[in-house]
Amino acid sequence: MRNTKYERIANNHKAPEKRLQNASISFFSGGLMGLFAEGIIQILCMMFGMSRVDSATFMIVFFIFLASLFTAFGFFDKWVTKLKCGLLIPITGFAHSMTSSSMDYKREGFIYGIGSNMFKLAGNVILYGVLSAWFFGMIRYFMGGIG
Amino acid sequence: MTFFYNNVYLDDTATIAGPYEKCGPLYKYFDKTYSDFYFGEKSFEKAEIKLVRDALVMIMKKVGVSKKDIDLVIGGDLLNQIAASTYGCYGVGKSFIGIYGACSSSVLGLIIASNFIGSGIISNSICLVSSHNMTSEKQFRYPTEYGAPRPNSATFTATGAAAAFLTNEETEIRVDCATLGKIIDYEQNDPNDMGRVMAPAAIDTLARHFKDTGRTPKDYDLIVTGDLGLYGKEILKDYMLSSYNIDLGDVYNDCGVMLYDLDRQKEIRAGGSGPVCSALVFYSYIYNQLKSKKMKRVLLLATGALFSPLLLYQKENINSICHAISLEVV
Chain A
1 MRNTKYERIA
11 NNHKAPEKRL
21 QNASISFFSG
31 GLMGLFAEGI
41 IQILCMMFGM
51 SRVDSATFMI
61 VFFIFLASLF
71 TAFGFFDKWV
81 TKLKCGLLIP
91 ITGFAHSMTS
101 SSMDYKREGF
111 IYGIGSNMFK
121 LAGNVILYGV
131 LSAWFFGMIR
141 YFMGGIG
Chain B
1001 MTFFYNNVYL
1011 DDTATIAGPY
1021 EKCGPLYKYF
1031 DKTYSDFYFG
1041 EKSFEKAEIK
1051 LVRDALVMIM
1061 KKVGVSKKDI
1071 DLVIGGDLLN
1081 QIAASTYGCY
1091 GVGKSFIGIY
1101 GACSSSVLGL
1111 IIASNFIGSG
1121 IISNSICLVS
1131 SHNMTSEKQF
1141 RYPTEYGAPR
1151 PNSATFTATG
1161 AAAAFLTNEE
1171 TEIRVDCATL
1181 GKIIDYEQND
1191 PNDMGRVMAP
1201 AAIDTLARHF
1211 KDTGRTPKDY
1221 DLIVTGDLGL
1231 YGKEILKDYM
1241 LSSYNIDLGD
1251 VYNDCGVMLY
1261 DLDRQKEIRA
1271 GGSGPVCSAL
1281 VFYSYIYNQL
1291 KSKKMKRVLL
1301 LATGALFSPL
1311 LLYQKENINS
1321 ICHAISLEVV
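So the sequence lines, in the order shown, correspond to chains A and B. Take the first sequence: its letter number 80 is residue 80 in my numbering, and every next letter is one higher. Take the second sequence: its letter number 299 is residue 1299 in my numbering, and every next letter is one higher.
If you are wondering where the hints come from, they were derived from the structure by calculation, not from laboratory data. Keep in mind that the hints are not guaranteed to be accurate.
[As the list claims (entries may be wrong)] Straight-line Cα separation of at most 27 Å, DSS-like style, residue types lysine-lysine; simulated pairs:
(1) A:106 / B:1042
(2) B:1032 / A:18
(3) A:120 / B:1046
(4) A:78 / B:1266
(5) B:1067 / A:106
(6) B:1067 / B:1032
(7) A:14 / B:1182
(8) B:1211 / A:5
(9) A:82 / B:1022
One chain only, chain A, in its complex shape:
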């Protein structure tokens, strides 16, 4: 049963959230990630003579490796608490979700533990990522944008 009086009193005691501050921190941490990524791309392009496309792929693999490694060491979640979602929006969030899910079920074995639970959070991204890619790909195809 909904109690309107209760709702009114409970709304008077809502926990304050610093949304602007959180959004600003995310904005800057996400931007710093971008800057760091661009730095890696530039280094790979200039020092190893790679194309920009190839160096971007290497940069992404490097980010996945770092996010997984730092999750395994146990401090990536603490960084997210401080630097907010700016740290999760790039590919790092995906890697972090897979590594943390795998770590949680490591004691249940490779099949019932890691294998069954690795995509617990990342499964959403894969499924709906593929579906939306197909959907928007079709729109682009029918609008004659391919080619």
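Since the structure of chain A is provided, determine the placement of chain B on it from the hints.
Chain B alone, transformed into the frame defined by chain A:
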């Protein structure tokens, strides 16, 4: 429903606390503390079972009884199939009851044991609860290492195990009366704001307790709720005053707020939660105050969110329940 007892006593308590509770203001009252989440075990679930065993060993040692002397062990925790209690209590006592009342299990266990002892069926009982921050995170929320930002209204599951030894032999502290709660649904559905979910149950049980006993807040030296947290606590105070004209004033506090130093331990957010949250505070600090006669009569309201993540995704509300027990110095 309120029961009165005249032959149920609290003999002793045992409290085992985890790393965050160890850094809180009540650290000196705990019998044993740990600095990590594994306690030498290989998984968090096994670590929680170790907590239960530690608490059992500690309470038996303090009271001076053996495994065979205990008539009934009552255990509760948050794991699926209340696994920490059922595995941890193996081999102890003549009989065992596993209970699930979410975070209200601590008082629910005390009430069941008191009814058994009060009616003369058994002569003693150990009531035990446990919770582990990491096992709860894994079961109810995200993977333990996943860094999902939490809102300020979120509570933090306490890590520890706490046991109480109830007996029919007279001691300094008597179980005075208890009010069993009922399931409350105020159409709340935010798992990150459990204070708001559980406050209606605490309000209902507290109001019925005062009505059934004819008492007022002045009859108690302290009234504590289990784990409403900073914001749920204020909702309760406000609602009791405006709807029942009962001013709880300075007599009232919340175990989730008392267990941690919320100004310093920012990651705790709104306060502690879990079945052991109320038990850790009650069996350590409050028990100490009663034993030293600094407090004469205390009312503990253990609040529990009857939260099923599965049913929440099926668009059901989160129900809540609250059980109350009053202890007094003889």
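Tested hints:
| no. | hint | result |
| --- | --- | --- |
| 1 | A:106 / B:1042 | holds (10 Å) |
| 2 | B:1032 / A:18 | violated (38 Å) |
| 3 | A:120 / B:1046 | holds (23 Å) |
| 4 | A:78 / B:1266 | holds (12 Å) |
| 5 | B:1067 / A:106 | violated (35 Å) |
| 6 | B:1067 / B:1032 | holds (20 Å) |
| 7 | A:14 / B:1182 | holds (25 Å) |
| 8 | B:1211 / A:5 | holds (21 Å) |
| 9 | A:82 / B:1022 | holds (23 Å) |
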